[in-house]
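Novice: This is what each chain is made of:
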Amino acid sequence: MINMTMQPSKEMPIIRKIAFYLSFIFFGLGNIAFGQIIKGLIFFALQIAIVIFFVFWGGQHLANFATIGTQNQEFIEIGGSVVTIPGDNSVQLFLLGVFTILLFPAVALLAFVSIKSGLVAKQNYLKEKCSLDFKTDCKKLIDKDLHKTLLTVPFLGLLFFTIVPLVFMILIAFTNFDRFHQHPELFDWVGFSNFRAFFNMSADGAQIGRTFVRVLGWTLIWAVLATVTCYFGGIFLAMLINQKGIRGKTFFRTVFVITIAIPAFITLSAVSGMMARNGIVNILLMRWGFISSPLPFFSDSMWARVSVIVINMWIGIPFTMLFATGVLQNIPSELHESAKIDGANAWVRFRKIVMPYVLFITAPVLITQFIGNINNFNVIFFLTGGAPAVSGAFGGAGSTDLLITWLFRLTAEHNDFSFASVIGLSVFLINILISLALFKTKSFKDDTAFRV
Amino acid sequence: MIQEKFKKNPIKVDMRFKKAAIIFACIVAVSLFVPFIASRGQVVITIAAIGRFMSEGQTAGLILIVAIIASITSCITLVAVKTQNILAFISIALGIIGTISAFVSLFTIKTASDAVGYLNSEFMVFFNLNFGWYLLFIGSFGVMFCSFRAIKVKTGYIILAVLCAIWLIPILWLFANSFRATPGLFSPTFFPRNWTIRNYMTLFTDSGEGNMFNFGRWFFNTMIVATATMFVSATIILSTSYAISRTKFRGKPFLMAGLLIVGMFPGFMAMTAVYFMLQWIGLGQTLIALIAVYSGSSALGFLIVKGFFDTLPQSIEEAAAIDGASKLRVFIQIMIPLSKPIIIFTLLTSFMGPWGDFIFASFLLRGQRDNFTVAVGLHQMLGDRWIESWYTRFAAGSILISIPIAGLFVALQKYYTQGVSGAVKG
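Going down the list, the protein sequences come from chains E and S. Mapping to the numbering used here: the first sequence position 188 is 188, numbers consecutive. Each position in the second sequence, counted from 1, maps to that position plus 1000 in the numbering used here.
Don't read these hints as lab results, they were simulated from the structure. Just so you know, these numbers come straight off a predicted model, no measurement behind them. Worth double-checking, as some hints may not be accurate.
[Unchecked claim] Below, a list of computed lysine-lysine pairs in the DSSO-like style, where the Cα atoms sit at most 30 Å apart: (1) 140(E) / 127(E); (2) 140(E) / 1248(S); (3) 148(E) / 1019(S); (4) 148(E) / 1340(S); (5) 249(E) / 144(E); (6) 1248(S) / 249(E); (7) 1082(S) / 1248(S); (8) 1154(S) / 352(E); (9) 1082(S) / 352(E); (10) 127(E) / 1248(S); (11) 116(E) / 144(E); (12) 1248(S) / 144(E); (13) 1252(S) / 340(E); (14) 135(E) / 148(E); (15) 1252(S) / 249(E); (16) 1252(S) / 1340(S); (17) 1082(S) / 1154(S); (18) 1340(S) / 340(E); (19) 340(E) / 1154(S).
[To be verified] Derived DEER-like restraints, expressed as beta-carbon distance ranges: (20) 336(E) / 1367(S): 53 to 61 Å; (21) 201(E) / 1205(S): 51 to 59 Å; (22) 184(E) / 1367(S): 17 to 25 Å.
[As the list claims (entries may be wrong)] Heads up, incomplete: computed chain S residues facing chain E, CB under 8 Å, no partners named: (23) 1149; (24) 1167; (25) 1236; (26) 1242; (27) 1266; (28) 1280; (29) 1282; (30) 1283; (31) 1297; (32) 1301; (33) 1326.
For every residue, glycine included, the Cβ atom is placed at its ideal position computed from N, Cα and C.
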C-alpha cells in the first residue's frame, strides 16, 4: 500500500520536493523529478492536449450542449434561386457534448494515475536511490500489471460501443428527439416530460401511458410463462433422455439441439409461415375436415399470445435440456436408492429429491432466463411481428409486442428515439430489480462462479 | 460377459401387462361392430365402412385394416412370448405399426367417406365421426403400451419419438419447400408435388429486379463478419475473463459489478447512438461497423469463461512464477492450452452470434443492400411484396446457411454443453 502521509526525507533536494507537489497541477512533474522523464512527458503531453482541447473547442461544445443547436435551417432567395443555409445539426452537437462531458472523468483518472505514479517513483527513489527506468515500467505490463494490458482493448470497446452510446441514449430521454424533430429540425431539452407522458393514463392524446402499461403487463406475463414452460419442459425432457435403459441418448440429444444450432430467425420464420392464415397447418386441417375455417394462430389476440408461448417452448426447451442434463447426472445416486428402499415411487422421488436439488442448483439460471425472456426479441419479431395490431396504440405496439420489440419499432420504424430511450431505461430497471433477487438466492451466494 | 449374463437371466415378460394387452385387443375387435360414421341419420358400423372403402379402392380402408390386424397380431405375439427375444420385439413393432396406422387413418377417413357418399358435410366439426375410430385408436395404443411395458422396454421411447417428430417437422418442412417447384407460401401438400433444385440455382444466378436479392454477396458478407467477429470478440472475452479471474488488482469487484450493470441495459438501446457515431466518422452501414459493434461490447459476456478460469489450479501459476515466467507467458503458454474446451465454446458462440443476428444488422445497415448479411436479406424475401415469388428461394437460402452452422454446432456440441453447464455449477 502506498502511504499518502509519508514525508519526503531530509536528504531530498528541495527542487524535487517542490516538483512533486507541483505535479498536482502539472501532471507528470513528479515522475520527471524522480528521473522518469519519458513517463512524465507522456502525462504532461496528455494534459496539454486536454487543456488545448478545452480552450479551443470544449467550451463551445459544452455551450452548444446546453442549447443543442439554435440555428434552424433557412432558405434565402438570392437572385431568383433558393439557397439553403444549413442550420445546426442537433445530433452532432449532442454527441460532441457527450464526449466533452465524458472527458471530465477522463481528466480525473489521468490526474489520479499521474499523481500515483509520481508517488511510486518517489518511494522508489527514497528506497533504491535510483530511478525506475521506462523499460522496466513497460516490462511490468506483461507481468505484474498484466491486467492493464489485457483490459485495455475490452475497455475501449466497451467505452465506444456501450458506455458512450448508453450515456447518449439516457440523456436523449430528457429531450424531444422524436419523429417530429429529425435533422434538419432541431430538438431540445424537455426535462421529465417524456417520463410524465408514460404515467399519463388519460384516454386522449398519444396514449403512451396506456400502451406502456399494456405492453409492460404482457411482457411480464410472457416472461413468467415462457420461463416456467421452458424450464420444466426442459427438465422433463432431460429426465426422459437420461432414464436408465434408454439407448441412443446422443442421438436424441442431437435432434433437439439442432433447433439451437439453426439460427432462430430461420426456424421461427418457418414456423410463422406454417401457421399463417394460408399456411400448411390450416390447409391440411381444413382438407382433413377438422376445421371449416382457418385458425387465427397469429391474427387473434388471445390465440397469438398462446401461440408464441407454445412455439417458444420449441426453441427454449432444448436449451434447458442441455444444462439440466449435467445437473441431473450429478444428483447423488444414494439419495435415489435410499428413497427407493423406503418405498418412494417415481413421482415422490421427483418431487422430493430431483426438483429441490435441480431448483437449488439452477435458480440463478432460472432468473437469467427470465431476464432473457423479457428481452426476447427474436421469438416475437419473427413469429408475429407484434401483431395483431391494437387500434390507437402508440408507436404501433401490437398485442404480442414486448417492451423490447416496441423499442425496436419506435427506433427503427418511427424514429421516436426519446420515447424508445425511456422504454430502454424501464427495461433496465426491471432487469436490475430481478437481478437483485438473483443476488439474494441462496445458491448464488454459495456459487463459486461469483468468486472475486 | 454381458451376453452370458443375458442368457443365464433372461428378462421375463410381465404377466400383468399380457392380460391388459388382451383386454385392449378385445377393444379393437369390438370397435369393428360399433357405429363408425354417422351422417344425416345414416349409421355405418366400422366393418361395413371398411368394406365400402375397400371396394371403392380408397386407401383409408387399407390403413384401417392394417391397424386392426397389426394390433391384434401384436397382442397374440405378446401372449406367445415368455422372455425378451426377437419375437417380443416383433410384438412391439407390430404395436407401433398398429397405433400409427390407426392415427393416420384419421386424416384419410374424410376423403374416403366423401368419395363413397357417407359424408357430404363437415367432418369433425359436427362430430360425424363416431365411437368406432376412438375405440380402435385407444385399443391399438393400449396394445402397444402394454407390449412396451410387458417386455420391459422403456415407454419413454414412445414420447421421445413423438417429441422428435414435433421438433423436426418445421425443419423438414423448410427442407421440402426449398425443393418445391411452385413459388409462394401456399402449398396444398406438406411435401411438394413437383420437386426441383432450381430454387438453389436461381438464388445465386438471379438476384431479382434491381439487384434486390444478391444472396451470394450476402453469404460472403456474413462469412466475413462472423469470422472476424469470432476472432476479435473471442480475444476480448478471453482476456477480460482471464484478467478478472486470475490477476490481482484493486477495483476488481467494482469492475465486475460495472460490467454486470451495463449488461442489464437492453443491447439494442445503445444502437441509435452507435449508428449516429458510425455515420459521423463515415463508417455507417459498412461491414467493419458491424464487426466493431458485435465485438465491441463482447466483454459483457465474461461470466461463463471467468467461471472456467476460476477452476484452473493456482499451483501451476506459482510453479511457473518460480521458474521466472512472466504472467503473460503463463497465460499464453500454460493457461491457454489448458483451456481448449472453453476457447472452442467462446469461438463457437462468437461465430454463431453474428451468423444469426438480425436486430443489430438490420438497424445498422439500414437499406445498404450490398452489405446485408443473410439474416437481414432473407427477411426481406418474406415481405408482403416478395413472399409470393420468393418464399421457396427463402427456404433454399435458409437451408444453405443452416447446414454449415448446424454441422459445426453438432460437431462441437460437447464443448457447447460443457460451456453452458459451466454456468450452472452442478
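Novice: Run every hint past the structure and note whether it holds.
Specialist: Comparing the hints with the structure gives:
1. At most 30 Å may separate the alpha-carbon atoms for a hinted pair to count; residue 140(E) and residue 127(E) meet this at roughly 19 Å.
2. Between the alpha carbons of residue 140(E) and residue 1248(S) the distance comes to roughly 14 Å, so the proposed pair stays at or under 30 Å and holds.
3. At roughly 75 Å between alpha-carbon atoms, residue 148(E) and residue 1019(S) are farther apart than 30 Å, so this suggested pair is violated.
4. For the hint linking residue 148(E) to residue 1340(S), the alpha-carbon distance of about 24 Å falls within 30 Å, and the restraint holds.
5. Restraint check for residue 249(E) and residue 144(E): not satisfied, since their Cα atoms lie roughly 48 Å apart, outside the 30 Å limit.
6. With a CA separation close to 43 Å, the supplied pair residue 1248(S) and residue 249(E) exceeds the 30 Å bound.
7. Only pairs whose Cα atoms come within 30 Å are accepted, and residue 1082(S) paired with residue 1248(S) is rejected, the gap being roughly 69 Å.
8. A hinted pair counts as satisfied when its Cα atoms are at most 30 Å apart, and residue 1154(S) with residue 352(E) qualifies at roughly 23 Å.
9. Only pairs whose Cα atoms come within 30 Å are accepted, and residue 1082(S) paired with residue 352(E) is rejected, the gap being roughly 37 Å.
10. Of the supplied pair hints, the one linking residue 127(E) and residue 1248(S) holds, its CA atoms being roughly 24 Å apart against a limit of 30 Å.
11. With a CA separation close to 16 Å, the supplied pair residue 116(E) and residue 144(E) stays within the 30 Å bound.
12. Annotation: proposed proximity of residue 1248(S) to residue 144(E) holds, straight-line Cα distance about 9 Å (limit 30 Å).
13. Of the pairs offered as hints, the one joining residue 1252(S) and residue 340(E) is violated, with about 48 Å between alpha carbons and a cut-off of 30 Å exceeded.
14. Restraint check for residue 135(E) and residue 148(E): the C-alpha separation of about 16 Å stays at or below 30 Å, so the hint holds.
15. Note on residue 1252(S) and residue 249(E): the hinted pairing is violated, with a Cα-Cα distance of about 42 Å set against a maximum of 30 Å.
16. A C-alpha spacing of about 26 Å is found between residue 1252(S) and residue 1340(S), which places the hinted pair at or below 30 Å, so the restraint holds.
17. About 18 Å separates the Cα atoms of residue 1082(S) and residue 1154(S), which keeps this hinted pair within 30 Å; it holds.
18. Between residue 1340(S) and residue 340(E), the direct Cα distance comes to roughly 41 Å. Violation of the 30 Å bound is thereby established for this hinted pair.
19. Taking the CA atoms of residue 340(E) and residue 1154(S), the gap is about 19 Å. The hint holds against a cut of 30 Å.
20. Between residue 336(E) and residue 1367(S) the beta carbons are some 59 Å apart, a value that agrees with the proposed interval 53 to 61 Å.
21. Separation of residue 201(E) from residue 1205(S) is about 57 Å and conforms to the stated range, judged on CB atoms against 51 to 59 Å.
22. The hinted range of 17 to 25 Å is satisfied by residue 184(E) and residue 1367(S), whose Cβ atoms lie roughly 20 Å apart.
23. Interface hint at residue 1149(S): violated, since its Cβ lies 12 Å from the closest Cβ of chain E, which is beyond the 8 Å cut-off.
24. Hint on residue 1167(S) holds. Least Cβ distance to chain E is approximately 6 Å, under the 8 Å limit.
25. Taking 8 Å as the C-beta contact cut-off toward chain E, the hint placing residue 1236(S) at the interface holds, the least distance being around 5 Å.
26. With its C-beta approaching chain E no nearer than about 6 Å, residue 1242(S) sits inside the 8 Å limit, and its interface hint holds.
27. At about 5 Å, the closest approach between the beta carbon of residue 1266(S) and any beta carbon in chain E falls short of 8 Å, and the interface hint on this residue holds.
28. Taking 8 Å as the C-beta contact cut-off toward chain E, the hint placing residue 1280(S) at the interface holds, the least distance being around 7 Å.
29. With a least beta-carbon distance of about 13 Å to chain E, the hint placing residue 1282(S) at the interface is violated under the 8 Å criterion.
30. A distance limit of 8 Å between C-beta atoms decides the matter here; for residue 1283(S) the minimum to chain E is near 12 Å, and the interface restraint is violated.
31. The closest approach between the C-beta of residue 1297(S) and any C-beta of chain E is roughly 4 Å, which is under the 8 Å cut-off, so the hint is satisfied.
32. Contact between residue 1301(S) and chain E, as hinted, is not supported at the beta carbon level, the nearest pair being about 11 Å apart and thus beyond 8 Å.
33. For the restraint placing residue 1326(S) at the interface with chain E, the shortest Cβ-Cβ distance is roughly 4 Å, inside the 8 Å limit, so the hint holds.
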